[in-house]
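Assemble chain B onto chain A, guided by the hints.
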Amino acid sequence: MSPHDAARALTVEGLTVDVPGRRVVHGLDLTVPAGRILALVGPSGSGKTLTARAIAGLQPHGGSVLLDGRPVRRGRDVGYAFQDASASLNPTVTIGRHLAETVRAHRRGDPSAALTRFGLDPALADAYPFELSGGQAQRAALAIATVHEPAVLIADEVTTALDPITQETVLDLVKADARDRTVLLITHDLTVASRWADDIAVLHAGRIVEHGPTARVLTDPRDDLTRALLQAADDTRAPERPAHITGGALTVRNLRRELRARRRRTLALDGIDLDIAPGEAVAIVGRSGSGKSTLLGALAALDRPDGGTVHRDGRDVWAMPGRARRAVRRRTGLIFQNPAASFDPRHTVRQVIAEAGPYTPDLLRYVGLDPAMADRRPAGLSGGESQRVAIARALAQDPDVLLADEPTSGLDVLTQRRVLDLLTGLRRDRGLTIVMVTHDLRAARRAADRVVVLDQGRAVDDLPTGDLDEARHPATRRLLAAVTPHRTPP
Amino acid sequence: MRSDPLRAKGPRRPGGLLAVRLRPRRPALVTAVAVLAVLGTLAVLAPLFTSLDPVATDTSATSLPPGSAGHPLGTDLLGRDLWARMLYGARTSLLVGLTAAAITVVLGMLAGGLAAVAPRWLDGLIARTADVLLALPLLVIVLALAAVAGPSLGLVVVAIAVTSWMPVALIVRAELRSRRERRHVRAAYALGLSRWQVMWRHLLPGALPPVASVAAFEVGHAILTESTLSFLGLGVPPNRPSWGNLLTEAQAHLLTGEWYTVAIPAAAVVVTIIAVNVVAGAVSGPSEGGTW
Chain A
1 MSPHDAARAL
11 TVEGLTVDVP
21 GRRVVHGLDL
31 TVPAGRILAL
41 VGPSGSGKTL
51 TARAIAGLQP
61 HGGSVLLDGR
71 PVRRGRDVGY
81 AFQDASASLN
91 PTVTIGRHLA
101 ETVRAHRRGD
111 PSAALTRFGL
121 DPALADAYPF
131 ELSGGQAQRA
141 ALAIATVHEP
151 AVLIADEVTT
161 ALDPITQETV
171 LDLVKADARD
181 RTVLLITHDL
191 TVASRWADDI
201 AVLHAGRIVE
211 HGPTARVLTD
221 PRDDLTRALL
231 QAADDTRAPE
241 RPAHITGGAL
251 TVRNLRRELR
261 ARRRRTLALD
271 GIDLDIAPGE
281 AVAIVGRSGS
291 GKSTLLGALA
301 ALDRPDGGTV
311 HRDGRDVWAM
321 PGRARRAVRR
331 RTGLIFQNPA
341 ASFDPRHTVR
351 QVIAEAGPYT
361 PDLLRYVGLD
371 PAMADRRPAG
381 LSGGESQRVA
391 IARALAQDPD
401 VLLADEPTSG
411 LDVLTQRRVL
421 DLLTGLRRDR
431 GLTIVMVTHD
441 LRAARRAADR
451 VVVLDQGRAV
461 DDLPTGDLDE
471 ARHPATRRLL
481 AAVTPHRTPP
Chain B
1 MRSDPLRAKG
11 PRRPGGLLAV
21 RLRPRRPALV
31 TAVAVLAVLG
41 TLAVLAPLFT
51 SLDPVATDTS
61 ATSLPPGSAG
71 HPLGTDLLGR
81 DLWARMLYGA
91 RTSLLVGLTA
101 AAITVVLGML
111 AGGLAAVAPR
121 WLDGLIARTA
131 DVLLALPLLV
141 IVLALAAVAG
151 PSLGLVVVAI
161 AVTSWMPVAL
171 IVRAELRSRR
181 ERRHVRAAYA
191 LGLSRWQVMW
201 RHLLPGALPP
211 VASVAAFEVG
221 HAILTESTLS
231 FLGLGVPPNR
241 PSWGNLLTEA
251 QAHLLTGEWY
261 TVAIPAAAVV
271 VTIIAVNVVA
281 GAVSGPSEGG
291 TW
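One line per chain: the protein sequences are A and B, in this order.
Throughout the first sequence, residue numbering follows UniProt numbering, covering 1 to 490 in sequence.
Throughout the second sequence, residue numbering follows UniProt numbering, covering 1 to 292 in sequence.
Here chain A stands alone, though its shape is the one from the complex (with noise of 0.2 angstroms):
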């Protein structure tokens, strides 16, 4: 272990990044002592991950990025956990091999040590980044990033991809280290940031608008963005019920359904009983594995449960004729995760849309996005573009249900709620059915009325979204847990 030393900083001075054609981040200063966490906030397209790039060495910069005085030695000095864990481990080598490779490379640290500081078990290092689940992916990497003792670890959205509880462990977990380096941590959520940095710098558009000590960043912010990321994050507005109602029914009895993988096979759906009525908003929340996705799927009248039946408006889609069952997925609007693989890549937007309904212009002007962008092809779209590209889609297959996978996942705050308003205004407007998947509570209390819970494939509770701070059910009283934000003492 390095040594605790108060004098140890990283200063950045005028540091500025270009990309081709143009410049991303304007002559940023900065300056963490030791043993602090600086969060560094900001909405998508701000230049956070840029920042940390240039300050790890790895983007060409201008301006100065030293520690304690002297310039900071590439992958020596900064440590690098990167936001998707398991793509940016090499498949095909173990942990342990990763590890080792770092310590040959800096002849120094101790891999056992690291996993067990991020609270891994170091017979993990015989393991395969693949075997790992998403939340042990994102520990070793940051096992990874700080086995060679650096006095910087940069966390760059190390838990936007988990569930509220394993991010819990995870950022927890990073907390701890910090006592002996320098954390920035990378985020565009200021709940994450409040609860575990010690500093905020608040991004926008390349500059640093806001700078200083959690507390008062969150109390008494200066920047009117500051403002409107600690707004939209409150936001806890309840949904608006529709004045008419055209959406459709669906229930589900004693549904089943396993996954079957090369080896071993999962029982994903365990027996779930769920009425949603006609104009219902209701979201189904639960960590990662305990089955959300799978149900959606079986909602949508896309999966073929293993027991138990799926009733839209009163018909088992199941037992219906292909094309009837055809017709009822037509009537359904579906929302992926990750809604840019969810277009043929060879498509354009209007080609995307045009194949659920009639494009129309109206339809891109509605989810607030700009017509000319019909001639884009999904590449070239943003997180947020993709998000409404793929509502526009649904709402041109004129759906009476509507079903969304974790539709604000992977967003910033701002862009989150925009997307959720988008959400409750086509229900209130137009007396959609909405089912939504997500594991963000907020999310669940802003457009829902009724939230299910669900917990190893099983529904644990289901309740109004009102009642949810009552709720009983220790999955539930988890996940309330592990995303109220709370101050811990400096």
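Some hints could be false.
[What the hints assert, rightly or not] One side only, chain B facing chain A, incomplete, derived with CB under 10 angstroms:
| no. | residue |
| --- | --- |
| 1 | 183 |
| 2 | 184 |
| 3 | 185 |
| 4 | 187 |
| 5 | 188 |
| 6 | 189 |
| 7 | 190 |
| 8 | 192 |
| 9 | 193 |
| 10 | 194 |
| 11 | 201 |
| 12 | 202 |
| 13 | 205 |
| 14 | 206 |
[As the list claims (entries may be wrong)] Calculated from the model, a selection of chain A residues having no Cβ within reach of chain B, i.e. all distances over 10 angstroms:
| no. | residue |
| --- | --- |
| 15 | 31 |
| 16 | 90 |
| 17 | 176 |
| 18 | 252 |
| 19 | 338 |
| 20 | 344 |
| 21 | 356 |
| 22 | 458 |
| 23 | 464 |
[What the hints assert, rightly or not] Taking CB as the label site, the calculated pair distances span:
| no. | chain 1 | residue 1 | chain 2 | residue 2 | range |
| --- | --- | --- | --- | --- | --- |
| 24 | A | 380 | B | 33 | 27 to 35 angstroms |
| 25 | A | 371 | B | 34 | 55 to 63 angstroms |
| 26 | A | 60 | B | 34 | 40 to 48 angstroms |
| 27 | B | 27 | A | 376 | 21 to 29 angstroms |
| 28 | B | 102 | A | 260 | 36 to 44 angstroms |
| 29 | B | 33 | A | 361 | 33 to 41 angstroms |
Just so you know, the hints here were simulated from the structure itself, not pulled from any lab data.
We treat Cβ as the ideally placed atom computed from N, Cα and C, and that holds for glycine.
Same frame as chain A, but now just chain B:
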């Protein structure tokens, strides 16, 4: 308003395999089409471009270099005019090359597409048949076919198609199988599309770019295979010129200074392959910016 798939198709540009996106501002494509058109015209109207007989020998004008009077591309050892032989050879080579490649690709796509959607036993049957045929030497199969049908130009085309559809089929099968698992294919099913619509709009178009590359290769392969078969007396009469024949005959001259007897027909084959590659790439639509 409910959407139905027929109406949704209406005013749009044609989708799927019909989506030949011939944009005006694509110089490479325009050039490639022009090259193929010129080659085709030269072949069809060969007698208009030369007065010489491609098989007539002229002992007074043997082994002339290109640029000689009356013989723009020179003559071979027997005094046959190379320009005339190239023109008439184009007839055989383009006919065999393009037809055989087209049949190969269509046959391969049908077999591969069928294997990808068929029940397991049929998939296995098609895949194993392809494996077995890949393992057998081409000539054995062609000799067997010739014994039954007798030598002809048609036999050459059939023989080439029968012995080269396997790579196309295996590529198409593998592409379709991997694409089936893609999220956007699931999204297409979720929109209420039938299996055929998904196949036609999302799976096959995605599998086209690698097939387009193979198609261009197959043209060259067919042109050369034709000369091999003709040499064995299984195709066109050996004295009838084709680019393949010209190349086979010219092999011996490679080191004797008469390089042009090899270079000219070889250049013609290469130009054809490149032109077909460009056109096939355009027909298969924009790539995903991926591997091909």
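Hints, verified against the model:
1. 183: holds, 4 angstroms
2. 184: holds, 5 angstroms
3. 185: holds, 8 angstroms
4. 187: Status holds, d = 4 angstroms.
5. 188: Because about 7 angstroms separates residue 188 of chain B from the closest Cβ in chain A, which is inside the 10 angstroms limit, the hint holds.
6. 189: At 6 angstroms from the nearest chain A Cβ, residue 189 of chain B passes the 10 angstroms test, so the hint holds.
7. 190: holds, 4 angstroms
8. 192: holds, 4 angstroms
9. 193: holds, 7 angstroms
10. 194: With Cβ-Cβ at 6 angstroms, under 10 angstroms, it holds.
11. 201: holds, 7 angstroms
12. 202: Holds, about 5 angstroms.
13. 205: Result: holds, 6 angstroms to nearest chain A Cβ.
14. 206: Nearest chain A Cβ about 7 angstroms off; hint holds.
15. 31: holds, 41 angstroms
16. 90: Its Cβ never comes within 10 angstroms of chain B, the nearest being 19 angstroms, so this holds.
17. 176: The assertion about residue 176 of chain A holds, with a minimum of 37 angstroms to chain B.
18. 252: holds, 17 angstroms
19. 338: violated, 7 angstroms
20. 344: violated, 5 angstroms
21. 356: Non-interface label fails for residue 356 of chain A: nearest chain B Cβ at 5 angstroms, not farther than 10 angstroms.
22. 458: Residue 458 of chain A is indeed farther than 10 angstroms from all Cβ atoms of chain B, at 25 angstroms.
23. 464: Holds: least Cβ distance 29 angstroms, greater than 10 angstroms.
24. A/380 / B/33: 27 to 35 angstroms: Since the Cβ atoms of residue 380 of chain A and residue 33 of chain B sit about 29 angstroms apart, the hinted range of 27 to 35 angstroms holds.
25. A/371 / B/34: 55 to 63 angstroms: violated, 37 angstroms
26. A/60 / B/34: 40 to 48 angstroms: holds, 44 angstroms
27. B/27 / A/376: 21 to 29 angstroms: holds, 24 angstroms
28. B/102 / A/260: 36 to 44 angstroms: holds, 42 angstroms
29. B/33 / A/361: 33 to 41 angstroms: At 35 angstroms between Cβs, range holds.
Consistency note: the structure conflicts with the earlier hints numbered 19, 20, 21 and 25.
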